[in-house]
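Number of protein chains: 2
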Amino acid sequence: MQDKKINSRPVFFVSNSTGITVETLGRSLLYQFSSIQFESHSLRFVDTAEKAEKAVTIINKLANERGIRPIILSTLVKPELRAILATAEGVYLDIFDMFIAPIEKEIGCKASLGLGRVHGIGDDEYYSERIDAVNYSLKTDDGIGAGEYAQADVILAGASRTGKTPTSLYLAMHYGLKTANYPIVDEELESPLLPASLKSHKEKVFGLLVTPERLQSIRTKRRPDSQYSSLPQCQYEIRQTEALFQEENVPYFDVSSMSIEEISSNIINMLNISSRTFLP
Amino acid sequence: MQDKKINSRPVFFVSNSTGITVETLGRSLLYQFSSIQFESHSLRFVDTAEKAEKAVTIINKLANERGIRPIILSTLVKPELRAILATAEGVYLDIFDMFIAPIEKEIGCKASLGLGRVHGIGDDEYYSERIDAVNYSLKTDDGIGAGEYAQADVILAGASRTGKTPTSLYLAMHYGLKTANYPIVDEELESPLLPASLKSHKEKVFGLLVTPERLQSIRTKRRPDSQYSSLPQCQYEIRQTEALFQEENVPYFDVSSMSIEEISSNIINMLNISSRTFLP
Chain X
17 MQDKKINSRP VFFVSNSTGI TVETLGRSLL YQFSSIQFES HSLRFVDTAE KAEKAVTIIN
77 KLANERGIRP IILSTLVKPE LRAILATAEG VYLDIFDMFI APIEKEIGCK ASLGLGRVHG
137 IGDDEYYSER IDAVNYSLKT DDGIGAGEYA QADVILAGAS RTGKTPTSLY LAMHYGLKTA
197 NYPIVDEELE SPLLPASLKS HKEKVFGLLV TPERLQSIRT KRRPDSQYSS LPQCQYEIRQ
257 TEALFQEENV PYFDVSSMSI EEISSNIINM LNISSRTFLP
Chain W
17 MQDKKINSRP VFFVSNSTGI TVETLGRSLL YQFSSIQFES HSLRFVDTAE KAEKAVTIIN
77 KLANERGIRP IILSTLVKPE LRAILATAEG VYLDIFDMFI APIEKEIGCK ASLGLGRVHG
137 IGDDEYYSER IDAVNYSLKT DDGIGAGEYA QADVILAGAS RTGKTPTSLY LAMHYGLKTA
197 NYPIVDEELE SPLLPASLKS HKEKVFGLLV TPERLQSIRT KRRPDSQYSS LPQCQYEIRQ
257 TEALFQEENV PYFDVSSMSI EEISSNIINM LNISSRTFLP
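Line by line, the protein sequences give chains X and W. Residues in the first sequence are numbered consecutively from 17, following our numbering. Residues in the second sequence are numbered consecutively from 17, following our numbering.
Here chain X stands alone, though its shape is the one from the complex (with noise of 0.2 Å):
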């Protein structure tokens, strides 16, 4: 443990807000080196000298200690805060002195250089439809409040443990969608029809399937030596959801490898959302 950390390079992700925008940006980046072993350290709210002189400190101290350069990354807005990190020990990589001037040139336009709320409740309607859309998707979750299909803007169905609640939550959240979510289960497995609750809302339901062993895994997790974690029982489930989809006509998808974010963005890709284009 001790010998990973002295070998591990420091990367500081630097903001002067929530680190949203550079921590996604610097895990994208670290994960293109993957024979390296990175350590990450996060300041967030760096919003004043005295803090960015701290900031400077923190890394200064470490890269000492380790007798390494850290990988500064950061989204500072104030120049002025941006001298300050500049002059840390490392190589220093700000995101808006990188890609601002590029968009300045093009629009012949400057950059307004206001502290960053990107992530801030800013358009203040669109923001309360995402907050609407998780109370949505708390209130049709797991096949309840199926009364408030005419509502919703996505319904997800598959087997019990697909993942549909996360993800419900996830496209509600991040994409304000207003996302059901109705479980398949006993009797209705029997049959490659939709259920009546969700037929008369067909358009928008997309079908989850996971493999069969995957899910055992995840059930047994949950009730072990149970016949609802038995394979059988899962192959059974999960041969007659994909009948159904295919019967119905239902657009569905295998998630077994994928993350709730990429489950979004593959339903996401698969709307047609208003000034958006997508490929095929």
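FYI, nobody ran anything at the bench for these hints, they're computed from the structure. Take these hints with a grain of salt, some might be off.
Treat identical chains as interchangeable: a pair holds within one or across any two.
Stated by the list, open to error - Taking lysine-lysine pairs in the BS3-like style, the calculated list, with each CA pair at most 30 Å apart, reads: (1) K67 / K220; (2) K155 / K220; (3) K70 / K121; (4) K70 / K220; (5) K67 / K77; (6) K126 / K77; (7) K237 / K155; (8) K121 / K77; (9) K121 / K94; (10) K155 / K94.
Source: prediction; values computed, not measured.
We have chain X; now place chain W onto it with these hints.
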């Protein structure tokens, strides 16, 4: 509406995967040009030469129709796909192009440039933790499941409608923190002491406050003209919960103008989470 579209600058976010990184970064950058009207288009899962060529066709078609050069931001891992996209009409900025070279130079090691699944399941154990945390937060939403507080990482407390539920889900989904939430209501408001179920887990409790006016506005949408949404009731509840947080030394803050991302970042900042450093 039509005029607005004609004058707006098209922006394409092109990604070989979910688009989360490029859209997050793009939002931060465009936010800095508040006087410009942008129109964003997302082209996700562009992972073959054929799809990259299709993306170029889509971009050029819009550029020609509008007679304006689009801004093209991309996260394409494969250099051959970037080469195709670079032929599109517009200003082309690839995130990997701009950052990978300086990082390679610093660490003396070439990027692997494997097709990124940064937002994939990745580290399966961490992914399971996030899903478990979401399930935990659902089980302990709105004061239920207090018997499970021993497992909590964070317990949010506050008056009804102060943003506890969506923040709990965000902390669970994005940071893998088991986050319960507890509404302080009815007779619990009368005493400036933590309810018994919170008392024994006091070190995990964070208080959320909003201004009485903000609370009234939120509650009015839910139950207009009720005692629940009246200003005196909102004033009373905020005064009492604040007195309680002070009396019990529970850390708390005003979230009236904060998004769930900002509330969550603030809480993360107050916690001391492994391998991350924070500014005080």
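inquiry  = Flag every earlier hint the structure violates by its number, smallest first.
reply    = Violated hint (a single one): 10; every other hint is consistent with the structure.
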